[in-house]
Amino acid sequence: MAKFMKKRSVKAGLPPGSLVFIGDKMAGDAKITIIDYDENGVEGKKASSIDECFPYKNKPSTTWINVDLVHQVEIIEKLGECFHLHPLVLEDILNTDQRPKMEDFSEYLYVVVRMLSCNGGNAKIESEQVSLILGANYLISFQEKEGDVFGPVRERIRGGKGHIRKAGPDYLAYALLDAIVDNYFVVLEKNGERIETLEDQLLTNPNPATLQEIHLLKRDMIFLRKSVWPLREVIAGLAREGSSLISDSTRLYLRDVYDHTIQVIDALETFRDILTGMLEIYLSSINHRLNEIMKLLTIIATIFIPLTFIVGLYGMNFSYMPELKWHWGYPAVLLLMLSISIFMLCFFRKKKWL
Amino acid sequence: MAKFMKKRSVKAGLPPGSLVFIGDKMAGDAKITIIDYDENGVEGKKASSIDECFPYKNKPSTTWINVDLVHQVEIIEKLGECFHLHPLVLEDILNTDQRPKMEDFSEYLYVVVRMLSCNGGNAKIESEQVSLILGANYLISFQEKEGDVFGPVRERIRGGKGHIRKAGPDYLAYALLDAIVDNYFVVLEKNGERIETLEDQLLTNPNPATLQEIHLLKRDMIFLRKSVWPLREVIAGLAREGSSLISDSTRLYLRDVYDHTIQVIDALETFRDILTGMLEIYLSSINHRLNEIMKLLTIIATIFIPLTFIVGLYGMNFSYMPELKWHWGYPAVLLLMLSISIFMLCFFRKKKWL
Amino acid sequence: MAKFMKKRSVKAGLPPGSLVFIGDKMAGDAKITIIDYDENGVEGKKASSIDECFPYKNKPSTTWINVDLVHQVEIIEKLGECFHLHPLVLEDILNTDQRPKMEDFSEYLYVVVRMLSCNGGNAKIESEQVSLILGANYLISFQEKEGDVFGPVRERIRGGKGHIRKAGPDYLAYALLDAIVDNYFVVLEKNGERIETLEDQLLTNPNPATLQEIHLLKRDMIFLRKSVWPLREVIAGLAREGSSLISDSTRLYLRDVYDHTIQVIDALETFRDILTGMLEIYLSSINHRLNEIMKLLTIIATIFIPLTFIVGLYGMNFSYMPELKWHWGYPAVLLLMLSISIFMLCFFRKKKWL
Amino acid sequence: MAKFMKKRSVKAGLPPGSLVFIGDKMAGDAKITIIDYDENGVEGKKASSIDECFPYKNKPSTTWINVDLVHQVEIIEKLGECFHLHPLVLEDILNTDQRPKMEDFSEYLYVVVRMLSCNGGNAKIESEQVSLILGANYLISFQEKEGDVFGPVRERIRGGKGHIRKAGPDYLAYALLDAIVDNYFVVLEKNGERIETLEDQLLTNPNPATLQEIHLLKRDMIFLRKSVWPLREVIAGLAREGSSLISDSTRLYLRDVYDHTIQVIDALETFRDILTGMLEIYLSSINHRLNEIMKLLTIIATIFIPLTFIVGLYGMNFSYMPELKWHWGYPAVLLLMLSISIFMLCFFRKKKWL
Amino acid sequence: MAKFMKKRSVKAGLPPGSLVFIGDKMAGDAKITIIDYDENGVEGKKASSIDECFPYKNKPSTTWINVDLVHQVEIIEKLGECFHLHPLVLEDILNTDQRPKMEDFSEYLYVVVRMLSCNGGNAKIESEQVSLILGANYLISFQEKEGDVFGPVRERIRGGKGHIRKAGPDYLAYALLDAIVDNYFVVLEKNGERIETLEDQLLTNPNPATLQEIHLLKRDMIFLRKSVWPLREVIAGLAREGSSLISDSTRLYLRDVYDHTIQVIDALETFRDILTGMLEIYLSSINHRLNEIMKLLTIIATIFIPLTFIVGLYGMNFSYMPELKWHWGYPAVLLLMLSISIFMLCFFRKKKWL
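Residue numbers (the working numbering), protein chains in the order written: chain A, 7 to 360; chain B, 7 to 360; chain C, 7 to 360; chain D, 7 to 360; chain E, 7 to 360.
Hint data in this document are derived by calculation from the structure and do not stem from the laboratory. One or more hints might be untrue.
It does not matter which identical chain is used: a pair holds within one copy or between any two.
To be verified - Straight-line C-alpha distance at most 20 Å; calculated PhoX-like pairs for lysine-lysine:
| # | residue 1 | residue 2 |
| --- | --- | --- |
| 1 | 130 | 232 |
| 2 | 51 | 107 |
| 3 | 17 | 196 |
| 4 | 84 | 52 |
| 5 | 151 | 37 |
| 6 | 12 | 196 |
| 7 | 63 | 51 |
| 8 | 13 | 196 |
| 9 | 52 | 172 |
| 10 | 17 | 167 |
| 11 | 37 | 51 |
Isolated chain A, as found in the complex (with noise of 0.2 Å):
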């Protein structure tokens, strides 16, 4: 989110098709991982090269083929040209600024999503974009950087822990997905805290450090937002579409999945309602100080000025000033000046302004 647009302007003018890797370069090559699995084994293992996944197109075990990196474009290519990937599609790979979606090719369906996570201390939201190709009895991840939240359900491949041994790809790609979906509730927790320390600093001490910081929220939000909001029709679809490749059983998992998105944009429009409002109070908490301090210069000017004016005129050179000569004129005037600042205390407390 550091700039707001990836630079897609490099492809303007190129053939459809055109495979040019739009987005931030990481350095390094593609690491591909095969994990092949049916219900009496599994199998794993890091490929060299990517033509190691090629004999896997046609066992009858389910195969997950996951690429890390995705920049390098002749791998991408090689893969579309063994699984006959369409040339929109292995450019949609590529072009790391898609916007979550599903497309039925048939032979295969194409997904796109973001994978989010937050590193560290701080809550910066990473966001990065995961395409999936479910086949027949294949599914192939594509990943912009290495790490993601799948961990869990490599471990439930290995430890056949679950229904997800027996299940077909349909289940694999099931189970990634969640995977994406539940990590967005650790990122919304994340951002819910921040908001949480924020609310006490707008109590205490509201400064213009902190409207900075709920501008930047509410723009994380927005950026959520988009995310997840075609995530929720590319996750209906996947549950409702007459596609053979997903099976009855896996349709009502995608409708668990399909509940949580539900309650990510929930949550995202109750962030964003709360953030208006903390805008509201910051800026009116603010207009409350200026008050205060109006308040008091009014106060102390109010109370002096008329003072002011009366040592004035008794500093004056006149010649003939009676009073400059009584006796008790000095403390007639102290006594005087005494009672107007009383005075004035107590109506301004009538008014309820001190």
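Dock chains B, C, D and E against the given chain A, drawing on the hints supplied.
Positioned in the frame of chain A, the structure of chains B, C, D and E alone reads:
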């Protein structure tokens, strides 16, 4: 609402259907009560163990099993096994931050709603998740805490008053939903009273605490809205849907509850509009006050500044200032200053500033 | 509108169909009037007891039974029994905070709308719930209070003017709805006049009372909106729906009423936009005033502060201040101060502050 | 737009179809003009009495009857009888505050739209209701006032230019609607010029009159919106609907008018957005000005307040003030004050306040 | 965008299909270029007269006729005759303020879109209307000005790169639309950079010019929105509609362009949200500044006002003021004033105003 989100992140990575309680854990064990009734009689008891519920599964009479303190995973698990509930349903029962929803599993309907209550004097809204499993001849309800709004329904079953003993579990589900929605009106009325109090305060003595209160009320409205809007869809779904578990006569009653939820939503929208109006009034009354103070300052300063200048003028120590020697110099200056003051007061009155 | 909500909570926990009056109880007993008419004649009478209505149920002529002061539960109950009304309908008749709605019970249609009136000079809007039961040859109307806008309709029935005596109870229902909607225009016009008065006030002498009035008007608009929007749906439903109780020729007239409700809604939206604009004008005119006052303060202070400094300077008591001894010192200082004032006034005029 | 609403209340209580004129009564009698034409010829005349129109009803050639000054009820009544118009249609023709709408009475179509015009220099929008009755071989148009935008259409009929003489009354109706919508562009352009003028004024010399003008323009936009939005539906309805009175080739032209109304709406929305932006600019430029004034006050006051204190200090009359006796005391104090002033000016410059 | 509207009023009253150019007339004659190609070869030439286009009409190869500088009415007229275009289409080609739209005339499709470009350094958006006529074996494009974004498409045709030479005019239309939408990203990126620059400025030195710039950007966003939203519908229509002129394989590519327009809309909405946030930050940072200035004034005034009073007090000329005679009177007063100042500074620090 102390926290903006419940800790859902503990579940990230777990396989679907993992039974983990999410919410505020209450002290104590789950309390299970069974009420079994038909037209001829009613039998109610506290079950010391979950196994006591199982015989009622196939009894033709209507059985209402109520589970308070839902956090004991093993009880939910056993009930799920006995009544053949889908693992995702069990998971949702334990996740107490569900959005109200209705799911049709053909054998049973699963309904989640939020039960609201206002405890004691300060109209603080308490919210609790209530899950209902509606089968052919049983209804299971799950609550987060002890204490609910179902007392009158139990009375009606025991007393045999009204239609309830003659009807099946669908009518019982309706009665519970009706009790919950009726309680929304209680909560709304308490909030209506808070708004009225606040409005008086706004006119007599607006202060930052008023603002804080308006924002708290607004947030409560947002929170209520999040509970009621999906509830509307849930009840519309029950009244419309072609499930054989709900009879046509009950649907008529559900339409009535539906009307009530619409009224709740209407009242919420009105409250929100009123609160927004109050916010505007607050801000402009604060502004008005500042103006009043500024006006006073201006008037006092504007009157005394020239006078102070004049007395300073005749306080100068020049050797040759003829006025100082005049016998009527002092009274003449006093007269001059008096007329300046009067002129200014008239000017301000003409400008309508006084 | 004194209170934001009617006390609905008294009914929480009661079984559905419990007949409890909710609303402001009027003094006095229910007043029942019966008008029975067909093409050939008309018969009108005040019924001293509800039983007098029953014979009209099966008479082929059109019967209009009007019940004023609806709070007597037993009368509603008896009528319900006689005309076979559903308990939920009776309940809704007694709950005088219903949202306008239309329900088709095949034997009869149940319609709830709000009748508005402006009493006396101050354009205070009074609202009253009117329930209509439209059967094959009868129409029953229920009102909260005595006094209504149906006078001209009664006249037309008695006088045999227009189409009304030839048509059935569906046309009568139309005539009543038309009278109610026509009265909305009267209410709107009164409010339009209030807005015009307010607008004049805004330009000549804006004060906090103006603001208060704008907000009151805005709230009235919110309130009207709540009555008219669902009314629109009700009338659209009557004009569209396939109920055999409404003839095709009457539907044409209902379409006309529908157009009128759209016009009412249009006027309401316009009023709301105008009021929002007036609010903005108010706030900025108040702001403008503050600016004017600030400008004056600045100008007076800025002119006199340097002058006061100069006279202070020559009021110092240093032994060696050569200027004080000069013969033309005093006039020179006076001249200096005069030129400073003139320079400043020119500066302000150049800056367009004066 | 002088008044927000026309006096509709005079009709409350009258039976439907009562012919009462609602609107601003013009002086003079209704003017009726008849133009009868087919491919071969054209005949135009002013009718001195309404009876002259009747023979044209069954003539196979296309007849356009135009009625200016619609307030004479008896003329409308006679026309209605002759052409078998529904009483509600006659009523709507006389109520000149109709919302644009289209109604299909199978024998004829009834269309109401608003014709706008900008008179003279000040771009004041005048609005007039135009009703069209489109029959199989006639078109009747009703206008509130004399003077319209149909001049070019009359020219085309007389000159036989374009398609118009060959086509029927449906094409004539299209031509009139097209002329009306084309005039909307004229009105919009005049308003666009007003906005441009206002924008210049906003940058050079914003004052409360500018604000007033912005709000007037905004209200004009609201008013235009109310005319154009339903017009869009009307024309969409004519282009779509299955009425046999409109030929397919005319529908194509109506689609073109439809595109124009969309463009009018687009322009209106843009104008509204621009006006809202101008409002924000106005408010913040006013605010900016206040800040400038405040800053000057602060700087002058902050510089002189300490200086005035110092000169006051040495104006004290203590017997033992050694500085007063020093020979260089006076120049030293002057120097001190000079350095304080310079320091402060530097401080303000550093803070970017100067 | 210098003017808010193009002069459409010149056409008011003209018959439909009147060919009048509306827009900014460019210097020079229309430039017509013809590119005719199939799989085997390509032929391109500049046509000196419009008649050279006619032979291509029935050639089986794909012909692309491009007309720059569309303001020459007679050329459009001749082309229209030759290719049997509807007069309303010719009219729309000449009216360069069309809203993007698509119309199906079965023989050909008519598409209007807006082509955007950013010229030079200042990211000023230039907009131009592009009309496409897509026939069975030809595509005619009309542009307002010389210079376009179709260079790469021409390259691809000439070089025979990609799919384009094998496909028909539908694919060519897609390629042109793709080039136009790709250029939207270029425009968006430039605006993104403007926003980033503005954001820096907002944090370091907010001034009224910043505000002006924010509003200009906002207006640009409104303008872009008006071009892109209907474009989305146009492309959705092309991808969906059952026209036989577009092959299924091309529809797949159009779906890709559709995704891009959605991304453009997403980016626009994000920009708008960011700009709104920047406006709020601007206003509150300006407010914050005023507060800072006010605080300083208060502190300085509040400290010096009492001190000035005290020195005035001992400047009075009363005969009997014992303090004046005391030897330590002067130092005592100095000490008193020092302690008052220190006390006040501590008070302000405690209040967190310093």
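Check residue 17 against residue 196 for me: Cα-Cα at most 20 Å, and say if that holds within a copy, between copies, both or neither.
For residue 17 and residue 196, the Cα distance is within 20 Å only across copies (15 Å; inside one copy 36 Å).
At most 20 Å between C-alpha atoms: does residue 12 with residue 196 qualify within a copy, between copies, both, or neither?
Result: close only across copies, 12 Å inter versus 26 Å intra.
Within, between, both or neither: residue 52, residue 172 at alpha-carbon 20 Å
neither (23 Å within a copy, 41 Å between copies)
Identical-chain pair category, residue 151 with residue 37, by Cα at 20 Å:
within (10 Å within a copy, 50 Å between copies)
Alpha-carbon proximity context of residue 63 and residue 51, limit 20 Å:
Result: close within a single copy only, 16 Å intra versus 50 Å inter.
Within, between, both or neither, where residue 130 and residue 232 count as close if Cα-Cα is 20 Å or less:
Intra 17 Å, inter 27 Å, cutoff 20 Å: intra-copy only.
Using 20 Å as the alpha carbon limit, work out where residue 37 and residue 51 are close: within a copy, between copies, both or neither.
Within one copy only: 11 Å inside, 51 Å across.
Could you figure out if residue 51 and residue 107 sit no more than 20 Å apart (CA to CA) within one copy, between two copies, both or neither?
neither (30 Å within a copy, 43 Å between copies)
Give the relationship of residue 13 and residue 196 under a CA distance limit of 20 Å: within one copy only, between copies only, both, or neither.
Answer is between: at 10 Å across copies they meet the 20 Å cutoff, but 30 Å inside does not.
Is it within, between, both or neither when you check residue 84 against residue 52 at 20 Å Cα-Cα?
within (17 Å within a copy, 43 Å between copies)
How do residue 17 and residue 167 come out at 20 Å by Cα distance, when the copy is not named: within, between, both, or neither?
between (45 Å within a copy, 16 Å between copies)
The structure does not agree with the numbered hints 2 and 9 stated previously, though it agrees with the rest.
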